[in-house]
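Participant: Listed below are the residues making up each chain.
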Amino acid sequence: MTGVLPGVAPMAVPAGAFLVVATLLFAIGLAGALLKRNALSIFLSIELMMNAVNLLFLTYARMRGDLAGQMIVFFVIAVAAAEAAVGLAIFVALFRAHRTVDVDKIALLKW
Amino acid sequence: MNQLWLIPVLPLAGFLLNGLVALVSSSARAESESGADQPGAPLPYAQRLFHGIVGVGSVGLAAVLSFAALVPYVLGSMAAPEGLAPVVQTVYTWMAAGDYTVDVAFRLDALSALMLSFVTFVGTLIHVYSVGYMQKEEGYGRYFSYLNLFMFAMLTLVLANSLPLLFVGWEGVGLCSYLLIGYYYDKDFCAAAGKKAFIANRVGDFGMVLGIFGVFALFGTADFSFVELAKRHVLAGNAPLGVYAVCLLLFLGACGKSAQVPLFVWLPDAMAGPTPVSALIHAATMVTAGVYLVARCSALFVLAPDALTLVAWIGAGTAIFAATIGLAQNDIKKVLAYSTVSQLGYMFLACGVGAFGAGMFHVFTHAFFKACLFLGSGSVIMSMHHEQDMRKMGGLAARIPQTFRTMLVATLAIAGVFPLAGFFSKDMILGSAAASGHWALYAVGLFTAGLTAFYMFRLVSMTFFGTARGDAHAHEHAHESPATMTIPLWILAAFSVVAGLLGVPAALGGSDRIGRFLEASVAHPEIHEMSHGLEIGLMLLSLGVAVTGLVWAWRWYGRATGPVEAVSPQAHAFFEKTGSLGRLVANKWNVDEGIEALFLSPFRKIGTFLWRGFDALFIDGIANASAFLVELLGDLLRFFTTGHVRNYALAFTLGFAALVAYVWLR
Amino acid sequence: MPALTGQLVVFGFASFVAIAFALLMVVQKTPVRSVLSLVVTFFGLSVLAILLAAPFIAALQIFVYAGAILVLFLFVIMLLNLKEEAADKDDRPVQRTLGLLVALGLGGLLAGATLRAPVPPRGSPVGGPIPMPDEIPALGRLLFSNYLLAFEVLSLLLLVAAVGALLLSKRRFE
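Chains as they are written, first to last, in the numbering used here: chain U, 1 to 111; chain V, 1001 to 1666; chain W, 2001 to 2174.
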């Protein structure tokens, strides 16, 4: 698979390398999201995962010689901005109510 | 020609107005219960006046409009050699499905003109009568609103131009019948009688509905233009098998509504309602709707001669069966009820031998004398302080002379004494039966005529002649009814005398006007001609039979001085002699008990089994078991709801990993 | 294998930095340091974006992500005055080990899957061949033609998010 589609300028760096870096970053972000207890840190890890996916999009866009991939990245970044604003506002409200953002200490939705 | 739709709509408006006022005032009375009004007290005079004016006025106005419409039509159609074409007025399209539409359309032709004339006329008289009869009732407003609603439904039934619209009226009169039988709904037997009427009619109505579908399937239309199509089939000599089925189904509906043999049991019980209701609904108008239906579809029935024969035999059977029961009843209204069933049998007998015109003629005359008899019995009952048992009456002729005279006239009319109304109509039926060669049917009809004369004169004798039995105090205080009640009685009695003159047969020098008038609307399969001599002979024979019945009843009951237990010693001895047969007749041939044993009891047992065994154990068991399982599962699953988002994220990720693995390894 | 070109060197360096600082972000106990580590990772990522012929995205990565979003994080951290993660130990060892295993497992799975998956062929020429090096005008044209509706919806989303954030962070709910 590692290669560009016919008719696209060849790549100096093999595309597979980019894919490996992207999945690695995704796995690191995932581990952070699962292991961290601070809600803000979990949020940051999720941002990292999104960027890993963005890198994947850019790589495929290059491989296919198609701008659509970059377009999606543009939208992801914009949506991430909206998501960050709302998410952080939730954390602020959460902190006001519980004086903590430790997700292990805020286990309200249970029997 | 004025607007036909106004005729049914006026009583509808009366129903809404009366019902609204009755509703508001009854709730207002319920609130001020602690005040001077105790429950059961009559309404204030002003409110009674309002209900009376709205109730009588709306129906009276409808009657005026009806006559304004039908008099020119009748005169015109008598003048024209072929009669006038039916007047059809479409109000709006009720429903449309593809090419098929059902219109709310009203039709004035010979048949509906005949029905319209006596329905509105007798209806108005009975409304007037009710003003006096019901004046002490708390439910005065409710009563008049129901009665107006009934008139609306009945007029819709009569004027409908299609079977679906006729069915609307058909069900409407059934509903009002139920409501008015159960008028005294706080008495158990009244409520039960109402339910019985409704359920017995359901059995007939399922046949009616299927019959309507069948008509649509046969002709592609359910408005009465199918009659013309059926007539053309007559010419083509083409009678498909479906016609038989449709005829039998429609006749099943007619049997339910008109209380014929399998389904007649509800009508005697329906006497639990107020007496004017019995007169209007259960004697003069609603119960004749079945005959009207058969006459309406006569062109169809003619295509199925075997079905017609069945109609004739069911009619004849009902006539004699109900008449025998009427011989031994002691409740004055029950006698009249069985008499009604018996007379309805006559009408079907006429239809069955192809003399639809004669059947409708009997419907017409019967409306007058039977309404008069019922209203008279109401007057008797009221004067005797709600005593209905004839054994406790007697000797009332001098006390309530006007009631006595009118009832006597109506009795002679129903017995078929020349030249009263019943003579001509009944004789036309018997003559048609004989002319069409159905001599067995003729014999049954003739014998029934004798029974009719007997039980009717027995009723009159037990009520008005002989010594006063029962409560002497009540007898002394018996008094004549007010004018609102006696005037309708006199009018009806007058019509019981003259209504028959519309159909004087050719043999007696008349020209059978009503038969010729109806020819435009009903089928007349083949004209049987009898020699006038034979016809007059048959008339004399039936007259003789009727007189025999009258005289016999006079001999047994006319000067009866017996005690309450055995009013007439001769009759008592006769019934003793007949033994078990006499007891069977006195017990109405055990029909109610038979139905109970044959249908109701098994159904009740099946119902109990389905309730206890199937529903409570099986269905509820499944429901409860599944609920229990879900609860158990929930108890287990709730341990996974830790409330820790990280657990959820982990589970989510595991699921996602599984998905990726599946997609990859697939 | 291509020769050890300049691009390859740049790629190796940038990806090393991105991965290293990503790990650092996860390991850090202090939220502020985590954020700052992530900023460095984003710089690495933007270099990779340039290597992938996406200079506009690279700039966006720096301006919007590192410059705006992460700064917002910093503000919130300072607003809430968050210190190190509490000293008390994680009392969920199962979650901890299982989480690590699952993360590694899924990472491996995804790496394998992406490496094996064929490059999806161009269905319809949405973007056309990338006109290196100046793809920015092409991107702008796309944004205001093919993606106009998405672009407008996006602007609405941002507005709603702004209003929502305001409402959520209000002191009292009435």
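Calculated directly from the structure, the hints in this document are not laboratory data.
In this text, a Cβ means the ideal position worked out from N, Cα and C, and glycines have one as well.
Any given hint might turn out to be false.
Stated by the list, open to error - Distance ranges between label pairs, derived from CB positions:
no.: 1; chain 1: W; residue 1: L2156; chain 2: V; residue 2: A1030; range: 58 to 68 Å
no.: 2; chain 1: W; residue 1: L2074; chain 2: V; residue 2: V1630; range: 27 to 37 Å
no.: 3; chain 1: U; residue 1: L108; chain 2: V; residue 2: I1619; range: 51 to 61 Å
no.: 4; chain 1: V; residue 1: W1664; chain 2: W; residue 2: L2098; range: 20 to 30 Å
no.: 5; chain 1: W; residue 1: K2170; chain 2: U; residue 2: L108; range: 12 to 22 Å
no.: 6; chain 1: U; residue 1: A93; chain 2: W; residue 2: L2098; range: 26 to 36 Å
no.: 7; chain 1: U; residue 1: L108; chain 2: W; residue 2: L2158; range: 22 to 32 Å
no.: 8; chain 1: U; residue 1: A93; chain 2: W; residue 2: F2013; range: 50 to 60 Å
no.: 9; chain 1: V; residue 1: V1630; chain 2: W; residue 2: F2013; range: 54 to 64 Å
no.: 10; chain 1: W; residue 1: L2074; chain 2: U; residue 2: L108; range: 49 to 59 Å
Said to hold, decoys possible - From the derived model, a few chain U residues whose C-beta atoms are all more than 12 Å from chain V:
no.: 11; residue: V8
no.: 12; residue: M11
no.: 13; residue: F75
Participant: A separate judgement is required for each hint: does it hold in the structure or not?
Facilitator: Checked hints:
no. : hint                            : verdict
1   : L2156(W) - A1030(V): 58 to 68 Å : 59 Å, holds
2   : L2074(W) - V1630(V): 27 to 37 Å : 49 Å, violated
3   : L108(U) - I1619(V): 51 to 61 Å  : 40 Å, violated
4   : W1664(V) - L2098(W): 20 to 30 Å : 22 Å, holds
5   : K2170(W) - L108(U): 12 to 22 Å  : 21 Å, holds
6   : A93(U) - L2098(W): 26 to 36 Å   : 30 Å, holds
7   : L108(U) - L2158(W): 22 to 32 Å  : 30 Å, holds
8   : A93(U) - F2013(W): 50 to 60 Å   : 42 Å, violated
9   : V1630(V) - F2013(W): 54 to 64 Å : 59 Å, holds
10  : L2074(W) - L108(U): 49 to 59 Å  : 28 Å, violated
11  : V8                              : 26 Å, holds
12  : M11                             : 25 Å, holds
13  : F75                             : 22 Å, holds
Taken one by one, the earlier hints fail for this structure at numbers 2, 3, 8, 10, listed in ascending order.
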